[in-house]
Every structure is written in C-alpha cells, then in structure tokens.
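Number of protein chains: 2
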Amino acid sequence: MKRILVDMDGVLADVYSRFFDLHEQETGTRLKLSDVSGMLEAEAFKNQINWVTTPGFFRTVPVMEGSVEGLNKLNALYDVVVNSMATEFPLSLTDKQLWMHDHFPFISWKQLVFCGNKSLIRADIMIDDHPKNLDNFTGETLIFTQPHNVFMKDLKHKRVSSWQEIESLLIKNS
Amino acid sequence: MKRILVDMDGVLADVYSRFFDLHEQETGTRLKLSDVSGMLEAEAFKNQINWVTTPGFFRTVPVMEGSVEGLNKLNALYDVVVNSMATEFPLSLTDKQLWMHDHFPFISWKQLVFCGNKSLIRADIMIDDHPKNLDNFTGETLIFTQPHNVFMKDLKHKRVSSWQEIESLLIKNS
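Protein sequence lines, in the order shown, are assigned to chains A and B.
The working numbering puts the first residue of the first sequence at 1, with every later residue one more than the last.
The working numbering puts the first residue of the second sequence at 1001, with every later residue one more than the last.
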C-alpha cells in the first residue's frame, strides 16, 4: 500500500477563507481571491502572523471543500499520513490535532505528524500547496492550487485545484 | 552527516522522577526504582494515565541527568531530530514543544517531530527506551535503560544507561 503525505493548511484546511473573514472583521472590507493572488500569505494579510500565533486560531478554520469525502476515500486505498509544519507555531499544535479530530475523525493519532521538516518523512506521494515542501520530495508530487502559488509556472509537480481532481488522479490510479 | 532520532520521555525527560513525586504527593509514600522495575508505567503508577493527560504535566518533568550537555554535543556532530509519540496525548503537544525550548533551546523547531508512528521517519540511529519503537528500525539502535525495560534480555539493541554512555558510543564513533 503506497504511503501518501497530505498537508493540512491550504489542502485540508481552508486558511484563506478564515483570513478573509478576519480581514473583513478588522477592516470592513471583504477581499476576493484575485486581490491576493500571487502574493505570499504574510504579504496579502498584514496581520497574518498575529492571527496564526493566537491560541485557538487553527481550531476555527473551515475545511477545504470536498476534503472530508476525498480524504476518507484515499484512506481506504492508501497509507494516509496527515502532516503539518506545525512546530513553527508551537501554540498551534494541540489546536491542529483537535481540529483533525473534529473534522476527520477517521484519521487516527497514529496517522499524524507535526514537524518542522517534511523531508524527514518516508512516503511515496505528497500533496502540498508549497513548492518548498514538494521540491525535495523524491516521490510523486501534487501541488494544490492556492492563491500564493496560482501564477507559478514550470513546476515539476502535477497541479490539482480541487479535491475532485485529487480523487480523479489518485483513486483511478491507486 | 548521520541523522539521529532522539526520544523525549525516558531519554531526555525523566518522567519517572516526576511520577515518583506525584505518587508521593497522593499517597505519602516515596517509591524507589526497584519498586517499579520490570513493570509498565501504567502498572507501576495507577494514576499515570490521569497525570499524563493533564494539561501542563509535560512542562513540569525534569530533564534526564546529563542530557542537556550530551544532546548539545551530539547536535554539533549529527543531524539531530528530537521525536516523541506525542499525538497519543493531544493535550501534551504544545507543552512538549515549550519544554524543549525551556531546556534545550539549541534544538530548533525544524528539528522536532511529534507523531504517532516512528517508523515513518528516515534516520540512521535511534535512541529510545521502548523496544516497540526500536524493533522495526533498520539503522543502529540504542535502548536507554528505564525501569520498565531494565530486565529485558536478548534485545538486538545496544543498551545505554546514562547520557555519558551515549556520548562514549556516539561521539567517539561519529
């Protein structure tokens, strides 16, 4: 059974949706995806670092559309490991695990890895929204479209823009 | 540079010392190492599961004698990764990272892995007190003596009973 590493933020967790809500609460203006496309998250939202370092933030993020059904299907066919670079924000760790339990209760604690370097983990396939994580991975790589990566060209990773596309690629070919 | 996986509880964190304190606070009796040798932690301390699932517990554990100096030396010679099966206890995650920062500030967030399955991680050497983690590891394995493993014989792992012994083995041969 092939092992697949699935990222949390920007793949399972729709962090932009939460950023748009918080930006609107603070400024009164609702941004659109096109307003922040091609920018890093910290460039697009000047308070982003304050938001993500606030205890409780990661518990409030909505799930990515289609991710619950999609991950459940993958979990039946692959050795799924959900992996987040969470040690960058120590106060996020417990929130992130409780969030996984809230929304993906079929993923056990044995399938979770919170770390600061994804290249430590042995796997066959990686789904992530950040090229920095995918570029050094030796297996099959899928980049999940998010505003910060939408204009990146000539990537050596397959681009997927929805969980339906992930299912089409990985469930037919499992 | 060889990568070395270093366990937290029972290797860097002297959990038995904390268990003895809590047992004495609750019962008035101070146990000795010989009272709990050969028993699993949960057999030796009937409230152990309550203690380790209490938020804040892992922040209060003393460091293992010699571990700060020893890990600092290893960190100069090896690619050190500190690794804990922490997702078994979600409320421990943030406490464990803050504890690392309290006592081992020279270990960065990029060197930490909190997971539920150590066999996911790619490394050359593993130091752990639990044979269940060491048995399936394909590299060099060191078992750190703790009361629960002290009577185990015929292990295929090198036994070390102090951080001085770890230094003798790994610093001379690095």
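Hints may contain errors.
[To be verified] Once the Cα atoms are required to be at most 30 Å apart in a straight line, the calculated DSBU-like pairs of lysine-lysine come out as:
no., chain 1, residue 1, chain 2, residue 2
1, A, K172, A, K32
2, A, K132, B, K1002
3, A, K158, A, K172
4, A, K132, A, K153
5, B, K1110, A, K46
6, B, K1110, A, K156
7, B, K1156, A, K2
8, A, K110, B, K1158
9, B, K1002, A, K156
10, A, K2, B, K1132
11, A, K2, B, K1110
12, B, K1153, B, K1132
13, B, K1156, A, K110
14, A, K2, A, K32
15, A, K158, B, K1110
16, A, K153, B, K1172
17, B, K1046, A, K132
18, B, K1002, A, K2
19, B, K1158, B, K1132
20, A, K110, B, K1172
21, A, K158, A, K73
22, B, K1046, B, K1153
23, A, K110, B, K1046
24, B, K1046, B, K1073
25, B, K1172, B, K1156
26, A, K110, B, K1002
27, B, K1132, A, K158
28, B, K1172, A, K2
29, A, K172, A, K2
[As the list claims (entries may be wrong)] Non-contacting residues of chain B with respect to chain A, defined by C-beta distances greater than 12 Å in every case (computed):
no., residue
30, E1026
31, A1044
32, Q1048
33, N1050
34, T1060
35, E1069
36, L1077
37, T1094
38, H1157
39, E1167
40, K1172
The hints are simulated quantities; they were obtained by calculation from the structure and are not laboratory data.
We put the beta carbon where it would ideally sit given N, CA and C, even for glycine.
Taking the hints in turn, this is what the structure says about them:
In summary, the hint linking K172 (chain A) to K32 (chain A) is not supported, as the alpha carbons are separated by about 34 Å, beyond the 30 Å threshold. Among the hinted pairs, K132 (chain A) with K1002 (chain B) is consistent with the structure: their alpha-carbon atoms are about 23 Å apart, no more than 30 Å. Straight-line distance between C-alpha atoms of K158 (chain A) and K172 (chain A) comes to about 16 Å, which keeps the hinted pair within the 30 Å bound. Our distance criterion of 30 Å between C-alpha atoms is met by K132 (chain A) and K153 (chain A), whose separation comes to about 14 Å.
A C-alpha spacing of about 24 Å is found between K1110 (chain B) and K46 (chain A), which places the hinted pair at or below 30 Å, so the restraint holds. Taking the CA atoms of K1110 (chain B) and K156 (chain A), the gap is near 25 Å; set against the 30 Å cutoff, the hint holds. With a C-alpha separation of about 29 Å, the suggested pair K1156 (chain B) and K2 (chain A) falls inside the 30 Å cut-off, and the hint holds. Under the criterion of a C-alpha separation no larger than 30 Å, the hint pairing K110 (chain A) with K1158 (chain B) is consistent with the structure, at around 27 Å.
Simply put, K1002 (chain B) and K156 (chain A) have alpha-carbon atoms about 29 Å apart, close enough for the 30 Å limit, and the pair holds. Restraint check: the Cα-Cα separation between K2 (chain A) and K1132 (chain B) comes to about 23 Å, which is no more than 30 Å; the hinted pair holds. For the given pair, K2 (chain A) sits about 26 Å from K1110 (chain B) by alpha-carbon distance, which is consistent with the 30 Å threshold. A threshold of 30 Å between alpha carbons decides the hint, and for K1153 (chain B) with K1132 (chain B) the separation of about 14 Å falls inside it, so the pair holds.
At most 30 Å may separate the alpha-carbon atoms for a hinted pair to count; K1156 (chain B) and K110 (chain A) meet this at roughly 25 Å. A distance of roughly 37 Å separates the Cα atoms of K2 (chain A) and K32 (chain A); the hinted pair therefore is violated under the 30 Å criterion. Restraint check for K158 (chain A) and K1110 (chain B): the C-alpha separation of about 27 Å stays at or below 30 Å, so the hint holds. Pair hint K153 (chain A) plus K1172 (chain B) does not hold up; C-alpha atoms about 49 Å apart against a cutoff of 30 Å.
A hinted pair counts as satisfied when its Cα atoms are at most 30 Å apart, and K1046 (chain B) with K132 (chain A) does not qualify at roughly 46 Å. A C-alpha spacing of about 26 Å is found between K1002 (chain B) and K2 (chain A), which places the hinted pair at or below 30 Å, so the restraint holds. For the hint linking K1158 (chain B) to K1132 (chain B), the alpha-carbon distance of about 15 Å falls within 30 Å, and the restraint holds. The suggested pairing of K110 (chain A) with K1172 (chain B) is violated, with an alpha-carbon distance near 35 Å, which exceeds 30 Å.
Proximity of K158 (chain A) to K73 (chain A) is assessed by CA-CA distance (about 20 Å); at most 30 Å being required, the pair is judged to hold. Proposed proximity of K1046 (chain B) and K1153 (chain B) is supported: the alpha carbons are some 26 Å apart, at most 30 Å. Between K110 (chain A) and K1046 (chain B), the direct Cα distance comes to roughly 25 Å. Compliance with the 30 Å bound is thereby established for this hinted pair. With a CA separation close to 37 Å, the supplied pair K1046 (chain B) and K1073 (chain B) exceeds the 30 Å bound.
Distance check on the hinted pair: K1172 (chain B) and K1156 (chain B) sit about 21 Å apart at the alpha-carbon level, within 30 Å; holds. Proximity of K110 (chain A) to K1002 (chain B) is assessed by CA-CA distance (about 26 Å); at most 30 Å being required, the pair is judged to hold. Using a Cα cut-off of 30 Å, the hinted pair K1132 (chain B) and K158 (chain A) is violated, with the two alpha carbons roughly 37 Å apart. About 39 Å separates the Cα atoms of K1172 (chain B) and K2 (chain A), which puts this hinted pair outside 30 Å; it is violated.
Only pairs whose Cα atoms come within 30 Å are accepted, and K172 (chain A) paired with K2 (chain A) is accepted, the gap being roughly 14 Å. E1026 (chain B), annotated as away from the interface, keeps every beta carbon of chain A farther than 12 Å; the closest lies near 26 Å. The Cβ of A1044 (chain B) sits about 24 Å from the closest Cβ of chain A, beyond the 12 Å cut-off, so the non-interface label holds. Listed as outside the interface, Q1048 (chain B) is consistent with that label: its C-beta sits roughly 18 Å from the nearest C-beta of chain A, beyond the 12 Å cut-off.
Here N1050 (chain B) stays apart from chain A, with its beta-carbon at least about 18 Å from theirs, past the 12 Å limit. Even its closest Cβ contact with chain A, about 17 Å, leaves T1060 (chain B) beyond 12 Å, as expected for a residue assigned away from the interface. Under the 12 Å C-beta cut-off, the non-interface status given to E1069 (chain B) relative to chain A holds; the minimum distance is some 23 Å. No beta-carbon of chain A is positioned within 12 Å of the beta-carbon of L1077 (chain B); the least distance is around 18 Å.
Interface exclusion of T1094 (chain B) from chain A breaks down, the closest Cβ pair being 5 Å apart, not more than 12 Å. With 12 Å as the threshold on Cβ separation, the claim that H1157 (chain B) sits away from chain A holds: the shortest Cβ distance comes to roughly 21 Å. Non-interface call for E1167 (chain B) relative to chain A: holds, since the shortest CB-CB distance, roughly 24 Å, exceeds 12 Å. Even its closest Cβ contact with chain A, about 26 Å, leaves K1172 (chain B) beyond 12 Å, as expected for a residue assigned away from the interface.
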